Amino acid sequence: MAAPFDLKDDSVVVIIGSGAGGGTLGNELAQKGIDVVILEAGARHEYEDFTNNEWDSFGQLAWVDKRTTSGDWRVAKDFPNLPAWIVKSVGGSTTHWAGASLRFQDHEFKALTHYGKVKGASLLDWPITLAELEPYYAKAEDKMGVTRTNGIAGLPGNNNFKVLKAGADKLGYKECHTGNMAINSAERDDRMSCQQTGFCFQGCKWGAKWSTLYTEIPKGEKTGKLEVRPNSMAQKIEHDKSGKVTGVLYTDKEGKQQLQKARIVAVAGNSIESPRLLLNSESTMFPNGLANSSGQVGRNYMRHTTGSVYGIFEKPVHMYRGTTMAGIIRDEARHDPSRGFVGGYEMETLSLGLPFMAAFLDPGGWGRSFTSALDQYVNMAGLWIVGEDMPQEDNRITLHKGEKDKYGLPIANVNFSDHKNDIAMRDHAYEQGKALYEAVGATRVFPTPPYPSTHNLGTNRMSEKAKDGVVNKHGQSHDIKNLFVSDGSQFTTGGAENPTLTIVSLAIRQADYIAKEMAAKTI
Amino acid sequence: MVTIFNRNAAAPDTPEPIEKQGLSRRDLLKGGTISLGAILVISGSSIIHPEFAWGLETSNLKPETMATLIQLARDIYPHDHIPDRFYAIAVKPYDAKAGEDPKTKKMIEDGIADLDKRAGKGGYIGLGWEDDRLAILRKVEDTPFFQTVRGGLVTGLYNQEEIWPLFGYEGESYSKGGYIARGFGDIEWL
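So the protein sequences, as listed, match chains A and B. Each residue of the first sequence is one higher than the last, beginning at 1 in the numbering used here. Each residue of the second sequence is one higher than the last, beginning at 1 in the numbering used here.
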């Protein structure tokens, strides 16, 4: 039957979330002729609705439902109810992301093997290898139009990049360029090219940056096989006596509770909401939540080792002009324990507008040390550190004991503390960032603390053995055959790279697997 | 409802007797108005900036409380090239909030009274050097009062579009076609 689908139609695949994982999986399945319903908690804002205003856009797109935080990370103090800066809108965080599309390195899929046992870390090898994922990376890069792949030219460098590049040259870094970006450097896939507008984080008003909102989703809808239901907040996944999932209880746009029947359920609500949903779906049969016989649901929360470095120069930079992530240095992404830590990190340009710079440069800071920095806003260049953080069992999403959302379900608490390795890596990166900008003449440099997490990973991790994780190498839960996880929460470890390309590649691969298993009637 | 308004002169409306406002010992008298640091003038329920022709009326907070709040805002986020009116706009919502919520009103009035008490004779606003005021602020920086005012300023001050050009931030660019032809890569000093 054609979309829209009946609530009682139990032949559909129900996907929760429409971002990089859910939106891609939905389209891939629809292209194969499989009926899909995507439940999206947020509203549908098309790209012409986006706004070039940081706080207004935050109000439009950000996931601001209350969460709590704990642990020693500074976010818990500065933004106690905003652990993550992610999106609640059709397209999910692909509306907000910067567009950096990097493949994981071979060794990052085998972190335990290459790094060895690290005290306090719950490292594990992925159950898949780079070689297995490479064909899917290639498909994802083509789908997303990633620059410097498929013959697509790189983007031109903006001022912020030029400062980064000059510093990289001075420090002797070899691999510095304008990135592998899912932002059109020329018209492609019926989308126009980048106009260097800035405001990538606020949603690209040109549609030049890939987002499921205006690529995967409309393509899937065109097949008649995909229905996206906005303003539909999943509350609980239901199952039958045999333990197979049978549908998803959700609240619709009118606030009414509905039950959408399903043949298969795929969870793609990002690494806080996905484990929360599984935990909130507890039942007599699954008292610890769905897919949680290992006790691993919600654990090993990773957020990348991040931080920023801003430098002030004697003359103007205007870093906010042009793409937000305008260039990258990859030299430090290697695994080289001689630096005092395992794993590596990327350095990528970043800029914030004045309002967000005031909020994030030194949260809680005040006085002339703070304001004299902002006074030099025009003369500022900035970079962001993205490094592999250590998975730790107790860095985890749990259900809050007392606080509930407006539907009466426990909200999520995000507990995170840095591992010693994370701190050593961040300190190294701060030093390199400082040296880089000083080499170009910076008169003042700021090591800026991590923002609320944008890369939320690992809370339903893939594992070879059922006791070590939540899903297998296809994102299929170890416990329940027709329950899948399709977002970054599947990541066994985080790698040094921005996660979206890997999420999309895994979703394409998962769609192949689901289609095959459906045809074989094993699910 | 309080409004920020432009006015051409600091012509005082019939002010309440100064004694009644409890301000007389603290500030310089100027023909029925009170000058604060010779910049802001309180007149009745208004705070007026005579030189730059703007004023602000209060209806729930004491006008002198609002005047001190403006100074406090500047001391927390001092930008010497940013005129007072932007700080006034940033703290103005506390007057409306004070009308809706007695707890807010008490927190603000008590917080300002505490600053004045710590400052001694002449009050907080009477301390001529920023360093002397900062010495007080460092003692109260962990209080809910200070943190509320500071936190509110992050958006209240820096999210005023009119202030952005003063920092060289150009804001919205989509309607101008982005920066592709407007200097996204125009750096020359490298």
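Derived from the structure by calculation, the hints contain no laboratory data. Quick caveat, the model's predicted, so the values are computed rather than measured. Yeah, the Cβ is synthetic: ideal placement off N, Cα and C, and Gly gets one too. The reader is advised that the hints may include incorrect statements.
If you anchor each label on the Cβ, the simulated ranges turn out as follows [as the list claims (entries may be wrong)]:
id, chain 1, residue 1, chain 2, residue 2, range
1, A, Asp189, B, Ala181, 22 to 28 Å
2, B, Lys176, A, Met285, 57 to 63 Å
3, A, Asp427, B, Asp131, 30 to 36 Å
4, A, Thr522, B, Gly152, 53 to 59 Å
5, A, Lys8, B, Asp101, 29 to 35 Å
6, B, Glu100, A, Lys8, 47 to 53 Å
Straight line, CA to CA, 25 Å or less: simulated SDA-like cross-link-like pairs of lysine to any residue [claimed, not checked]:
id, chain 1, residue 1, chain 2, residue 2
7, A, Lys170, B, Asp101
8, B, Lys176, A, Gly207
9, B, Lys176, A, Arg188
10, B, Lys176, A, Asn379
11, A, Lys66, B, Asp101
12, A, Lys170, B, Arg85
13, B, Lys139, A, Ser293
14, B, Lys97, A, Asp65
15, B, Lys176, A, His45
16, A, Lys119, A, Phe370
17, A, Lys77, B, Arg138
18, B, Lys97, A, Val64
Status of the hints after comparison with the structure:
no.: 1; hint: A:Asp189 to B:Ala181: 22 to 28 Å; verdict: holds (24 Å)
no.: 2; hint: B:Lys176 to A:Met285: 57 to 63 Å; verdict: holds (59 Å)
no.: 3; hint: A:Asp427 to B:Asp131: 30 to 36 Å; verdict: holds (33 Å)
no.: 4; hint: A:Thr522 to B:Gly152: 53 to 59 Å; verdict: holds (57 Å)
no.: 5; hint: A:Lys8 to B:Asp101: 29 to 35 Å; verdict: violated (49 Å)
no.: 6; hint: B:Glu100 to A:Lys8: 47 to 53 Å; verdict: holds (48 Å)
no.: 7; hint: A:Lys170 to B:Asp101; verdict: violated (57 Å)
no.: 8; hint: B:Lys176 to A:Gly207; verdict: holds (16 Å)
no.: 9; hint: B:Lys176 to A:Arg188; verdict: holds (23 Å)
no.: 10; hint: B:Lys176 to A:Asn379; verdict: holds (22 Å)
no.: 11; hint: A:Lys66 to B:Asp101; verdict: holds (23 Å)
no.: 12; hint: A:Lys170 to B:Arg85; verdict: violated (45 Å)
no.: 13; hint: B:Lys139 to A:Ser293; verdict: violated (52 Å)
no.: 14; hint: B:Lys97 to A:Asp65; verdict: holds (24 Å)
no.: 15; hint: B:Lys176 to A:His45; verdict: holds (22 Å)
no.: 16; hint: A:Lys119 to A:Phe370; verdict: violated (37 Å)
no.: 17; hint: A:Lys77 to B:Arg138; verdict: holds (19 Å)
no.: 18; hint: B:Lys97 to A:Val64; verdict: holds (23 Å)
Checked against the numbered hints listed earlier, the structure breaks hints 5, 7, 12, 13 and 16; every other hint is satisfied.
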